[in-house]
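First to last, the sequence lines map onto chains B and U. Counting from 1, one number per residue, gives the positions in the first sequence under our numbering. Counting from 1001, one number per residue, gives the positions in the second sequence under our numbering.
Please keep in mind that the hints were generated in silico from the structure rather than gathered at the bench. Keep in mind the model is a prediction, meaning the values are calculated, not measured. Heads up, some of the hints might be wrong.
Said to hold, decoys possible - Taking lysine-lysine pairs in the DSS-like style, the calculated list, with each CA pair at most 27 Å apart, reads: (1) K1260(U) - K106(B); (2) K75(B) - K145(B); (3) K1334(U) - K146(B); (4) K50(B) - K86(B); (5) K372(B) - K1299(U); (6) K1258(U) - K372(B).
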Amino acid sequence: MEEAAAGMEEGEQSQEAEVSPALIAVHPLGKSVVVAVGSELRAYDLDGDKAISLSDNSSGPSHSEDIKAIGFGAKGKLFASAGNDKLVKVWATDSWNCMRTVCSEKRVSAVAISPDGLFVSFADKFGVVYILSLDEKGAEASADKKAVPLLGHYCSIITSLEFSPDGQFIASADRDFKIRITVFPKRPLSGAHEIQSFCLGHTDFVLCLAFICSSDGCQAFLLSGGGDSTVRLWDFMSGSLLDTCEVGLKVVSIGGHFVPTSLGMSSTADHLWMVMGASNLPSHGSSLPLACVKVISPLQKIKLDEEHSNLTVLDDEEVPGGQKLLEKLQGRLNVAEDHEALEVAAEALKTAMRNLLVKRQYSVANRELRKKIRNDRKIKQQHQ
Amino acid sequence: MCIPSHEKYGTERYGEPRPKPRFLVGNLEVANPGQFLFSLRLLLAVSLVPAPSPAVRRHSFPRLRAAPSVDTAASSRRSWWPQKEQQRYIQRSKVGPLLKSDRQMASNGHKSHLPRKRFYRARAHSNPLSDSHFPIPISPSDVDYSQHFPAFFPVDRDGTDGNLSIRKIHFADIGCGFGGLLVNLSTMFPDTLMIGMELRDKVTEYVKERILALRAANPGLYENISVVRTNSMKYIPNYFEKGQLSKMFFLFPDPHFKEKNHRRRVISLHLLDEYAYALQVGGLIYTITDVEELGDWMKSCLENHPLFEAVSESELKADPVVKLLTSATEEGQKVARNGGQTYQAIYRRVVQEEE
Ligand SMILES: C[S@@+](CC[C@H](N)C(=O)[O-])C[C@H]1O[C@@H](n2cnc3c(N)ncnc32)[C@H](O)[C@@H]1O
Chain B
1 MEEAAAGMEE GEQSQEAEVS PALIAVHPLG KSVVVAVGSE LRAYDLDGDK
51 AISLSDNSSG PSHSEDIKAI GFGAKGKLFA SAGNDKLVKV WATDSWNCMR
101 TVCSEKRVSA VAISPDGLFV SFADKFGVVY ILSLDEKGAE ASADKKAVPL
151 LGHYCSIITS LEFSPDGQFI ASADRDFKIR ITVFPKRPLS GAHEIQSFCL
201 GHTDFVLCLA FICSSDGCQA FLLSGGGDST VRLWDFMSGS LLDTCEVGLK
251 VVSIGGHFVP TSLGMSSTAD HLWMVMGASN LPSHGSSLPL ACVKVISPLQ
301 KIKLDEEHSN LTVLDDEEVP GGQKLLEKLQ GRLNVAEDHE ALEVAAEALK
351 TAMRNLLVKR QYSVANRELR KKIRNDRKIK QQHQ
Chain U
1001 MCIPSHEKYG TERYGEPRPK PRFLVGNLEV ANPGQFLFSL RLLLAVSLVP
1051 APSPAVRRHS FPRLRAAPSV DTAASSRRSW WPQKEQQRYI QRSKVGPLLK
1101 SDRQMASNGH KSHLPRKRFY RARAHSNPLS DSHFPIPISP SDVDYSQHFP
1151 AFFPVDRDGT DGNLSIRKIH FADIGCGFGG LLVNLSTMFP DTLMIGMELR
1201 DKVTEYVKER ILALRAANPG LYENISVVRT NSMKYIPNYF EKGQLSKMFF
1251 LFPDPHFKEK NHRRRVISLH LLDEYAYALQ VGGLIYTITD VEELGDWMKS
1301 CLENHPLFEA VSESELKADP VVKLLTSATE EGQKVARNGG QTYQAIYRRV
1351 VQEEE
């Protein structure tokens, strides 16, 4: 592993115990909710008020390791999931049938479906973003069709991928504080080479991206959140930073030990869905991975500048779908009462996140030592 | 929260003033509140990660532009090339002249104090993939170039940035090694600011001292060249704005023969995207190597990239810079001494053709 970045090196070593946060995604029209925890996808049909069972016609394997990225695309018609098992799976949400399984060479850290539903794009831990056509009409569309490289952040973990609402741009964020805005070309299978801008300003890793629109819908902006505890607003066409919000002090407490690991909402935005959960919890034994779902409503009441004073977290009975939904998405009821498990999860997730994304600080002496160890190892290899 | 106010958008940095974007969620004046509130996801996810303590952050990521600050120790730590140290370099007289060519340039009776290369031998290769331990500017505006090119940035007494932004770097020598190309280009284009980017710290130090010695021995000359220690494969966008450069040089880059190490090569289809971003339309990229396989590789990357186009033979003949490719750098001279063949590829940044 001589060439791996120091961070990655250690990340790989602790591979077996890697703890991944649970994820949640809500259908843009509020038709369904999906929770991913560990290698498991749990989906609930809000329209039909019933648990969804996923099916797989893609002749590919199913997820066997932590899912790291999920998301709806193409106005909710498609859903994608991807993760450490190097699989990217695309699901048709009318039947919840997996229509496509793609194998990546490396673990996948981010995934996005183009707004027109024609392409799925995913990124690996070495900074390469790939693209695959989902167009089934072409005669050559077969399961063995390979994803092709779209663009690259040189050797940096890509943490988030998002298409602009009009599908003209793709934004990619990385561990090296960088956000790249690339023109999404007409023929993306031959690569996306024209960089529109870089949004530079974060002073630590960038964690997540979201495009937003002004109310007339004709102007889009980009939001980003990062390890520097800021959310930033960008004019992504020029890459200029419009506003910075320090969130360190403004974090909302939901009460108890609940710290959401992921949020989701439909475009009508009446409910904010939250999940807290983690895979592979050390003291959690072999039982189900922990996932706890909570919902805030009604969102219309939130005044963001008033420090969320009037947030209401719904009681379990009031959650859309009620206990049936919670049983499906959490695996069991009353998870929120399991304070100990939630506390353990919060700690484990913090550590995992730090290990994965925060650049290590070494003293000069320590650095020299590491260099020496590496070189000795190399010399030893040469002599073998 | 960061609800943008009209005032902030009134005057845009680029072009026309824009209509007021409204995505207030308070009274739901939002096109897509879902997307806006998605920021809460960011916010909450962020809360999982404790921010590094301020001390650590400063250490790992110093702002390069020395802020007007009373903490002089801190500010000299921030800029790699503080004035005081500059003087110290110049005063140091033990280092003798290095290259014949430099000695000729530094004639006129002046005792030149050029650094000796052998004091700066470093590991042959540095690993461009590993985490870095040198300061990285957050963005191009974060670099204080008055430290690099004091003669081009007259000291502004009132401490305002004034017209700092007027002078921009136009040439970049990527992997500049011992700096021979910069030294030659300096007098050929005396009004153009140029910078070398070098990964190895000792080599960078050497180039710094070489430039300072040349400046000292030739007052008024060599003021337009400088060097930074950085990994060009990761941080080009941190140094250059879109379309800022008119020339980029990649002379005798490390070959990285093994297939699995090809991704360490400084020219690749993906990296060319970034070089195309930094180059203005019409700008040139110069590459040369004595390794045939690498020459083929660089040429085919450039050939296959939609934003680059080969420069015609006749133009190459007329371009005085082309002659420097084989003769100006230390590596080039070594190859020439050994009678080695070289393979060059020179391409122009173009606008992608509509299909
Ligand atoms: C073989 S030398 C050639 C130097 C010089 N251009 C010449 O022709 O003499 C290649 C140089 O590129 C530097 N280099 C390699 N990778 C680099 C990177 N990612 N960023 C900056 N410099 C790099 C090396 O440290 C080395 O000094």
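The hints, checked one at a time:
no.: 1; hint: K1260(U) - K106(B); verdict: holds, 14 Å
no.: 2; hint: K75(B) - K145(B); verdict: holds, 25 Å
no.: 3; hint: K1334(U) - K146(B); verdict: violated, 44 Å
no.: 4; hint: K50(B) - K86(B); verdict: violated, 30 Å
no.: 5; hint: K372(B) - K1299(U); verdict: violated, 37 Å
no.: 6; hint: K1258(U) - K372(B); verdict: holds, 23 Å
Violated hints for the displayed structure, listed by number in ascending order: 3, 4, 5.
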